[in-house]
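Going down the list, the protein sequences come from chains A and B.
Numbering-wise (this note's numbering), the first sequence opens with residue 1 and increments by one.
Numbering-wise (this note's numbering), the second sequence opens with residue 1 and increments by one.
These aren't lab readings, by the way, just hints derived from the structure by calculation.
Hints are not guaranteed to be accurate.
Residues on chain A that point at chain B, a partial pick, calculated with CB under 7 Å [stated by the list, open to error]:
no. : residue
1   : Glu57
2   : Gly120
3   : Pro128
4   : Leu130
5   : Val141
6   : Pro174
7   : Leu183
8   : Gly197
9   : Gly212
Just so it is clear, CB atoms sit at the ideal spot from N, CA and C, and this is done for glycine as well.
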Amino acid sequence: MTDPMPWALLLVWGAVVGVDLVSVLQGLLSRPLVAATGAGLIVGDPAMGLAIGTVLELFALDVVPIGASRYPEFGPAGIAAVAAVAGTPVAGGLGVGVVLALALGVFSGRTMHVLRRLNGAVTRRAAPALARGEPGAVARVQLFGVTADLLRAVLVTGLGLALAWLLRSGVTLPGDLARNLGLIAVSGGLIAAVHGGLQRAAGRAFRIGVVGLAAGVAVAWLF
Amino acid sequence: MAVLMRARGPTVLRLLCLQGAWSYERMQGIGMGWASLPALRRLFGADDPRFRPAVARAAGFFNANPFVAAAALGAELRVEADSEPGDRIERLRTALCGPLGSLGDRLYWTGIVPALGALAVIGVSLGAGIWPVVALLLIHNTTRLWLAWWLVGLGWQHGLRIGHAVNHSPLPAVTEWAGVVAVVAGLAAVPVAGVALFGGVPAAEIAAAGALMAGMLILRRLLGPRGSALRLTLLAASAAVLWQVALP
Numbered sequence: 001m002t003d004p005m006p007w008a009l010l011l012v013w014g015a016v017v018g019v020d021l022v023s024v025l026q027g028l029l030s031r032p033l034v035a036a037t038g039a040g041l042i043v044g045d046p047a048m049g050l051a052i053g054t055v056l057e058l059f060a061l062d063v064v065p066i067g068a069s070r071y072p073e074f075g076p077a078g079i080a081a082v083a084a085v086a087g088t089p090v091a092g093g094l095g096v097g098v099v100l101a102l103a104l105g106v107f108s109g110r111t112m113h114v115l116r117r118l119n120g121a122v123t124r125r126a127a128p129a130l131a132r133g134e135p136g137a138v139a140r141v142q143l144f145g146v147t148a149d150l151l152r153a154v155l156v157t158g159l160g161l162a163l164a165w166l167l168r169s170g171v172t173l174p175g176d177l178a179r180n181l182g183l184i185a186v187s188g189g190l191i192a193a194v195h196g197g198l199q200r201a202a203g204r205a206f207r208i209g210v211v212g213l214a215a216g217v218a219v220a221w222l223f
Numbered sequence: 001m002a003v004l005m006r007a008r009g010p011t012v013l014r015l016l017c018l019q020g021a022w023s024y025e026r027m028q029g030i031g032m033g034w035a036s037l038p039a040l041r042r043l044f045g046a047d048d049p050r051f052r053p054a055v056a057r058a059a060g061f062f063n064a065n066p067f068v069a070a071a072a073l074g075a076e077l078r079v080e081a082d083s084e085p086g087d088r089i090e091r092l093r094t095a096l097c098g099p100l101g102s103l104g105d106r107l108y109w110t111g112i113v114p115a116l117g118a119l120a121v122i123g124v125s126l127g128a129g130i131w132p133v134v135a136l137l138l139i140h141n142t143t144r145l146w147l148a149w150w151l152v153g154l155g156w157q158h159g160l161r162i163g164h165a166v167n168h169s170p171l172p173a174v175t176e177w178a179g180v181v182a183v184v185a186g187l188a189a190v191p192v193a194g195v196a197l198f199g200g201v202p203a204a205e206i207a208a209a210g211a212l213m214a215g216m217l218i219l220r221r222l223l224g225p226r227g228s229a230l231r232l233t234l235l236a237a238s239a240a241v242l243w244q245v246a247l248p
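The following block holds chain A by itself, in its conformation from the complex:
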């Protein structure tokens, strides 16, 4: 990955994924499985993208992004993770990539809180014009919010890609550490999915959850 083109494309993809989470579209491009798969296709390692995306998606199944709640942002983080370990065997790179993505995801989620407060400051400043019903004021505040989120997404993705570049440039982890991180990452993802599923099942008949688990075991056994 010495060709500059994939990095630029990854940055663009990260910007798109970043604004998709809340501000524009909300078309699930920001789902970690989608974001990481897209990154994998960009860098020519779809298998790694799918693997990292799958584990991160398991973590995402434990997240309910309701209203003003704070939650990690896995989209740009997943892209950085794929960039960091693309080209390495999945067994060796998966854990490193996922752990990097989890840490980045927590940080990235916190930037959403900063953005919301910034939007609030801009809205308060425009309050007199908004109270007068000036359509231009509405459009300006909206444009500011979308632009600010785009900038945030670019910065967060850029930071992640910088970390990915550093990892690729000279950091070599012992082989057994990489494998252990993989086991930890997958274990955590499975627990996250179990917890998320049980939370959703708690509101309905628990039997439905048991049916789901049994169905999964049957599918895993058959295929």
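Following the hints, complete the assembly by docking chain B onto the known chain A.
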């Protein structure tokens, strides 16, 4: 109705940016105001004395699930067109926040989204490549666009009675089914993804992973939200790095 028909397209498209300027003060208010502008311009014209008060109301505080907020927007445009008193329009907006938030959150955040995510995980784990991901995007985006289109029209048609209209629509039943699919698929994804991700790993390591998962589950119970799987994973990873790299 003809006015909204001409403005429905731009309105639905602008609803894709409903949360573009989300803040703790007005939440989706600015986005609602911006999405209302094409229809309000067609309803009143920029020089009409009713236009600016309607814009001010449209950009006030609002918060509901972004995928079903279209119902509130359509209803608000209808009552503006009917020249209802301003305070009545504001009460309608406020009254719709809770029900549309609850319905939409159950339909999407604990229904459709985790269901699609889990089904995609299952598909990828079974070796279907990128196609489950493509299917996720196609299904979500076609249904959400259609839903926004339909809900704007429903709101416009029913105005003040939009709550009744939504309650008697297929949406509540669809929400229940989406929740069931999310539970079944979400838990089915665990063993399927587990087998795929642990494939080829020696039995001893799988046993170690099992012990780790048991420990995480226990800690999750004990610590509550502070013991999320994400935090525990980062903790375990940090411990592994310290053990193997920092300690001789």
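How the hints compare with the structure:
{"no.": "1", "hint": "Glu57", "verdict": "5 Å, holds"}
{"no.": "2", "hint": "Gly120", "verdict": "4 Å, holds"}
{"no.": "3", "hint": "Pro128", "verdict": "11 Å, violated"}
{"no.": "4", "hint": "Leu130", "verdict": "5 Å, holds"}
{"no.": "5", "hint": "Val141", "verdict": "5 Å, holds"}
{"no.": "6", "hint": "Pro174", "verdict": "6 Å, holds"}
{"no.": "7", "hint": "Leu183", "verdict": "5 Å, holds"}
{"no.": "8", "hint": "Gly197", "verdict": "4 Å, holds"}
{"no.": "9", "hint": "Gly212", "verdict": "3 Å, holds"}
In the structure shown, a violation is registered for the earlier hint numbered 3 alone.
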